[in-house]
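Taking the hints into account, I'd like the entire structure generated from these sequences.
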Amino acid sequence: MTHVEPHQPAPSSAGPRGESDAWLIRPADITQELAAYLQRYPDEATPMSEPMRLLARGGCTSRHDFPMHVTVGALLVRAGTEILLVQHRAYEILLQPGGHLEPSDATLLDAALRELTEETGVDPQQVVPASRAPVYIEYGRVPARPAKGEPQHHHLDFGYAFTTRNADVGQIQESEVTGAGWYPLSEAARLVGHRIQRAAVLPGPASGGEAR
2 MTHVEPHQPA PSSAGPRGES DAWLIRPADI TQELAAYLQR YPDEATPMSE
52 PMRLLARGGC TSRHDFPMHV TVGALLVRAG TEILLVQHRA YEILLQPGGH
102 LEPSDATLLD AALRELTEET GVDPQQVVPA SRAPVYIEYG RVPARPAKGE
152 PQHHHLDFGY AFTTRNADVG QIQESEVTGA GWYPLSEAAR LVGHRIQRAA
202 VLPGPASGGE AR
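No gaps in the numbering here: position 92 of the sequence shown is 93 in our numbering, and each next residue is one more.
Keep in mind that the hints were calculated from the coordinates and are not lab data.
Don't take each hint at face value.
[Unchecked claim] Label pairs and their computed distance ranges (CB to CB): (1) Gly194 with Ala145: 22 to 28 Å; (2) Ser187 with Pro104: 37 to 43 Å; (3) Arg166 with Arg191: 22 to 28 Å; (4) Ser105 with Thr47: 32 to 38 Å; (5) Pro147 with Thr82: 37 to 43 Å; (6) Glu188 with Ala134: 23 to 29 Å; (7) Gln172 with Ile94: 19 to 25 Å.
Please read all numbers here as calculations on a predicted model, not as lab measurements.
Glycine included, C-beta positions come from ideal geometry on N, C-alpha and C.
Shown next, in the form of structure tokens:
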């Protein structure tokens, strides 16, 4: 799960970066995904110049990488009319499911699906990617969390859209969220922002399968 605020310049000093060496997702993979995204949305290139520079330095996958690390979000649209949102425990706001990468995540899309199912208990067999490309990428400042030993830093958040016909919430991850529920797309866009509209306009599954 991640929460981002409007773009601010990243701190100049970097934190420990060795943890990223053994991860399946490499900084080069993330850079390629960001570059492809900016080809589709060239008007977003300016706010992405700083994260692109930090990606070139490497070490951005672990939550202990500073001043920036990568997170993912999942936008699950059900029956083309509603979307699944969670109440974030730490920030006490409504957001899409999402969070930090894990060493075993093969791709950013895989990480987003994992976070979705972990936080909401949705059956992954009932979920299909609507697109294999991110529908949003956001770069923003995250407040310090002294209890977790985290200084103020930045998240580069990649959001992916998924579809389902009738999946529903299961056992939520209470350590991360206090609730999960379905919201009409128009209401969710008002509460959460433009990323909802990006997911809502996609035509359907991108994997050749069919969401149930």
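Hints breached by this structure: none
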